[in-house]
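Start from chain A and add chain B according to the hints.
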Amino acid sequence: MSGFNLNPEQIARELSEFNQQLVDSYNTLQQIDEINVGQTPHEIIYSEDKLQLLHYQAIKTPGRKRCATPVLICYALVNRPYMVDLDQERSFVRRLLELGIDVYLIDWGYPDAADRYLDLDDYINGYLNNCVDQVISHSGKPQTNLLGICQGGSFSLCYTALYPEKIRNLVTTVTPVDFQTPDNMLSHLAQQIDVDLAVDTYGNIPGAMLNDAYNALMPMRLGLQKNLNIPRQLQDQASAMNFLRMEKWIYDSPDQAGEAFRQFITTFFKGNGFMNGDAVIGEQIVDLKQITQPLLNVFGSSDHLVPPSASIALKGLTASKDYEEYEVPSGHIGVFVSGQSQQKVAPTIADWLKLHDKSTAKTPKK
Amino acid sequence: MTDSFSNDPQQWFKEQTERWQKLLQGQPAAESSTWEQFFNSDHQDLFRHLGDNLGEHQEALMQMVNSQSSRFTEFAESLLKQSQSDNPPGQDNADKLINDFRDYLQQQCNELLTQQWNLPEPFASLVRKLPLEQQLTEGPLRKYLEQLAATPDLGNMPFSNSQIRSVSQALLDYQDALKDYLHQYDLIFDQASEQLKQVLQQPDIEIDSVKALHNLWVECYEKAYAKQVFTPQYQTCHGRISNSLMRARKLAFEARDRKLQEFGFVTRAELDASLRQQHKMRKQIKSQTQQINDLQRQVLLLTEQLTNNSSAKPSPSKNNKKATS
Chain A
1 MSGFNLNPEQ IARELSEFNQ QLVDSYNTLQ QIDEINVGQT PHEIIYSEDK
51 LQLLHYQAIK TPGRKRCATP VLICYALVNR PYMVDLDQER SFVRRLLELG
101 IDVYLIDWGY PDAADRYLDL DDYINGYLNN CVDQVISHSG KPQTNLLGIC
151 QGGSFSLCYT ALYPEKIRNL VTTVTPVDFQ TPDNMLSHLA QQIDVDLAVD
201 TYGNIPGAML NDAYNALMPM RLGLQKNLNI PRQLQDQASA MNFLRMEKWI
251 YDSPDQAGEA FRQFITTFFK GNGFMNGDAV IGEQIVDLKQ ITQPLLNVFG
301 SSDHLVPPSA SIALKGLTAS KDYEEYEVPS GHIGVFVSGQ SQQKVAPTIA
351 DWLKLHDKST AKTPKK
Chain B
1 MTDSFSNDPQ QWFKEQTERW QKLLQGQPAA ESSTWEQFFN SDHQDLFRHL
51 GDNLGEHQEA LMQMVNSQSS RFTEFAESLL KQSQSDNPPG QDNADKLIND
101 FRDYLQQQCN ELLTQQWNLP EPFASLVRKL PLEQQLTEGP LRKYLEQLAA
151 TPDLGNMPFS NSQIRSVSQA LLDYQDALKD YLHQYDLIFD QASEQLKQVL
201 QQPDIEIDSV KALHNLWVEC YEKAYAKQVF TPQYQTCHGR ISNSLMRARK
251 LAFEARDRKL QEFGFVTRAE LDASLRQQHK MRKQIKSQTQ QINDLQRQVL
301 LLTEQLTNNS SAKPSPSKNN KKATS
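Chains as they are written, first to last, in my numbering: chain A, 1 to 366; chain B, 1 to 325.
Chain B with its partners taken away, still in its complex shape:
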């Protein structure tokens, strides 16, 4: 952020506009904050306002919008800078432009995927500070996990050897699953880029704005994605990442349960057993209430029938009178 930077959004916008004008004229323009940086430095109160009044999701959504908008602006700015260089973006270096564009989108995609398939705590802490590449490829963490997964019995330890083995194996399986899953996305991005190049070769296609490039990319990507998702390979990878993450979560819950048990608290398994019993009783009560209601209705009907029958029947005294007369 520049020293003269104001926390007024309109002022921020004015400064940005001046900056883009300079870039347009090929003049040097100082680096400036993105909308996301600007927002996060001074305007977190709006997120609090959104979270309080509109719900957590709206807050998360606006954070995402801020982040992606900043990336969009950065990419558009890079085009603006290139346009003033000796090699402006366009027909002559379209391949480079598409590759840059693909890299800019794939980086965002990978970030979102790793967020979505993030390990639960405490396992997430193990890998949080490692770059994605190092998490997934041969590295010290992986070697250590492999050793733990094959660890022999060593006597008294805070965790049993089988627990250590199962956790290590689950983490290794998760890493392999994530690696294969991200590979599927590499394939999708490859196909989408090829598709984009092919579409751009059609004579009636003209991309005259960054937004139009994004929209065309979305069309190409969704086609490539739909094609890949229907392959058995993708479905296997998707199933594997989903199941391996759930297994890791389950292990985390079980580890928490063991600790709770040690301290004499109720565990999740015990709570589940109690809820199952409660549900069984709820079913029984509802069924019995239904039976009682049905019986009450039948009794009411019978009572009405009896009342009707008795009122319809002539009284014995009258009959007697008739008989005697």
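Here chain A stands alone, though its shape is the one from the complex:
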């Protein structure tokens, strides 16, 4: 067998470099006291139970066109929304503000035992609907743009189908639509899980359990390989902070309200509700044909959590005559935090929103 060219000097050098990095990382970590995230200035304009609605004011730049209609970002229930505002260099929100878009962001908070029976009706017909009303009222505009991220994208699709008159344009990002494509590893693993047993056992589903499930999609890459690279990333304070901010986000996983989790897994992962047209929120069937708004569907070409096939299934499911796809050459999170995201994704979305700012969606009759 060819392929091995391991010489002892190289191994000794490698040992020395690697362990020097370990010692350096030890020194770096001692100097770090806090990991700040979500630093872009904002105000909380609405609170309900544990939810907060954040408003970020667009930055006025002379000569730059502003978007009259604000955008409401609907984040997923898993992990925390500050992923769109990790730090000054990696802030999707900040880029949108610089490009003249007023941003509102939903922070769902951390559900506790009192929220165990919150269901999808509460989240979509309750919280999300109230947030949309608040944005419309606060901005003084007749409608809002809605941008959903991952599970928040699925929520946004449900919402726009149920309340089309309130949404001017819809942007779905890394959003699962067909939950049962052959390449969807997470969905394959979820099929055999007894979700009723999970909710009956835990009540709220522990966030750590979901993290384990996500890590199980690429265990060696997200385990051993990542861990052996950590000493190098912690060698100096700047790169350590970059790394630790992302780590903080990854493992800052709120527990999932039990009933909402049960319904989401049953309706979408197991029932494939969008594709079969039988998703029910509250007492209403989600009819995606009610969506006539311009629709931009953004997905990552190497997304291992929501494969592109799961997102692009949206094409043809709505009644939108202005449907566009935007493929970003990145993974699930890279769509928002990569260098390319800062340079391309936010500007593309901002331009699209400005271009569609004056369009008025027909409100279909229910």
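A few of these clues could be false.
Claimed, not checked - A few chain A residues that don't get close to chain B, going by computed Cβ distances all over 12 Å:
#: 1; residue: G63
#: 2; residue: R64
#: 3; residue: G140
#: 4; residue: D194
#: 5; residue: I312
Claimed, not checked - Example chain B residues on the side facing chain A (calculated, C-beta under 7 Å, incomplete):
#: 6; residue: E15
#: 7; residue: T17
#: 8; residue: M64
#: 9; residue: S69
#: 10; residue: L79
#: 11; residue: H238
#: 12; residue: Q277
#: 13; residue: H279
#: 14; residue: M281
#: 15; residue: I285
These are calculated hints, taken from the structure and not from any lab test.
From a predicted model like this one, the values you see are computed outputs, not experimental measurements.
We put the CB at the ideal spot given by N, CA and C, even for glycine.
Chain B in isolation, oriented as in the chain A frame:
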């Protein structure tokens, strides 16, 4: 740890470097602490600092990094020692190197998997001191559990026979599930090793560092893993281990509930019933508040319309005047 060992990391590193130089020159080098041992003996305060300031996860992550870094160093050192032997690692004994490498990774993998799928207390205490092999294969514990699962009614006991049977059956099911699940990982490691061997036979591949070997392994492993995960067998095993562990947890919670009830405390089931009721009321209040707000808006609109109508209508006295004039 050697007697002269210092608790200064830089000093530790200096000693290690000297040790590697000795190994490189084929000289005898005394055994020394790994980074993990060194760290755990004198530097736990950093973990406390991390836990306090950066969160529990960062603390756990750094413990994992320390452990895996030490394993990485141990493996690299073993290569260094072999390089000075009569049979140095390389092309001639590549199979042995790959097998050693696989064993070193599989051991870590199994440790992580058994941590991840660990039983809840009090059941974990039953098996904690047993090696994994003994937990999963025919042994005294398993035989005892099988007897308990088939236990006849024996009269008054602290636990009912059905409780004993269900707990024993759940533990047996968990053990079987874990055994099948770990077998899936054996298959993945087999496929990954084969894949690694095949890749190493390609003429354009050259592994010149331990890190490069790790990276290539990760590529091979992820391919093998993705292939195996999409098989019905893996999905069944994954579902079974997940569900059996949840059943064991549920039984542990129920046992705790029974004790709480005996002492007159509120049980989880009672708390759940109360939370369900509370949630129902919260929904009702929100719905009623919404209705009140809608009605208020309608009243306001009607009031405005009435005001507008009355101000737009000419006053009766003026009309009268017109009529009379």
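Verification of the hints:
Taking the minimum C-beta to C-beta distance to chain B, about 41 Å, the non-interface status of A/G63 holds against the 12 Å cut. Consistency note on A/R64: stated as away from chain B, and its beta-carbon is indeed over 12 Å from all of that chain's, at 37 Å minimum. Every C-beta of chain B lies more than 12 Å from that of A/G140, the closest at about 17 Å, which supports listing it as non-interface. A beta-carbon of chain B is positioned within 12 Å of the beta-carbon of A/D194; the least distance is around 5 Å.
For A/I312, the shortest C-beta to C-beta distance to chain B comes to about 20 Å, beyond the 12 Å cut-off, and the non-interface label holds. With 7 Å as the threshold, the beta carbon of B/E15 stays out of range of chain A, its nearest partner Cβ sitting at about 11 Å, so the hint is violated. Interface restraint check for B/T17: the shortest CB-CB distance to chain A comes to about 6 Å, inside 7 Å, so the restraint holds. Checking B/M64 against chain A by beta carbon gives a least distance of about 6 Å; that is within 7 Å, so the hint holds.
Given the 7 Å rule on beta carbons, the hint for B/S69 holds: about 6 Å separates it from the nearest Cβ of chain A. Interface restraint check: B/L79 against chain A, minimum CB-CB distance 5 Å, threshold 7 Å, status holds. With its C-beta approaching chain A no nearer than about 6 Å, B/H238 sits inside the 7 Å limit, and its interface hint holds. About 9 Å separates the beta-carbon of B/Q277 from the nearest beta-carbon of chain A, more than 7 Å, and the hint is not met.
Because the beta carbon of B/H279 sits about 4 Å from the nearest beta carbon in chain A, less than 7 Å, this interface hint is met. Because the smallest distance between the Cβ of B/M281 and any Cβ of chain A comes to about 11 Å, over 7 Å, the interface hint for this residue is violated. Violation of the interface hint for B/I285 is found here, the shortest Cβ-Cβ separation to chain A being roughly 12 Å, above the 7 Å cut-off.
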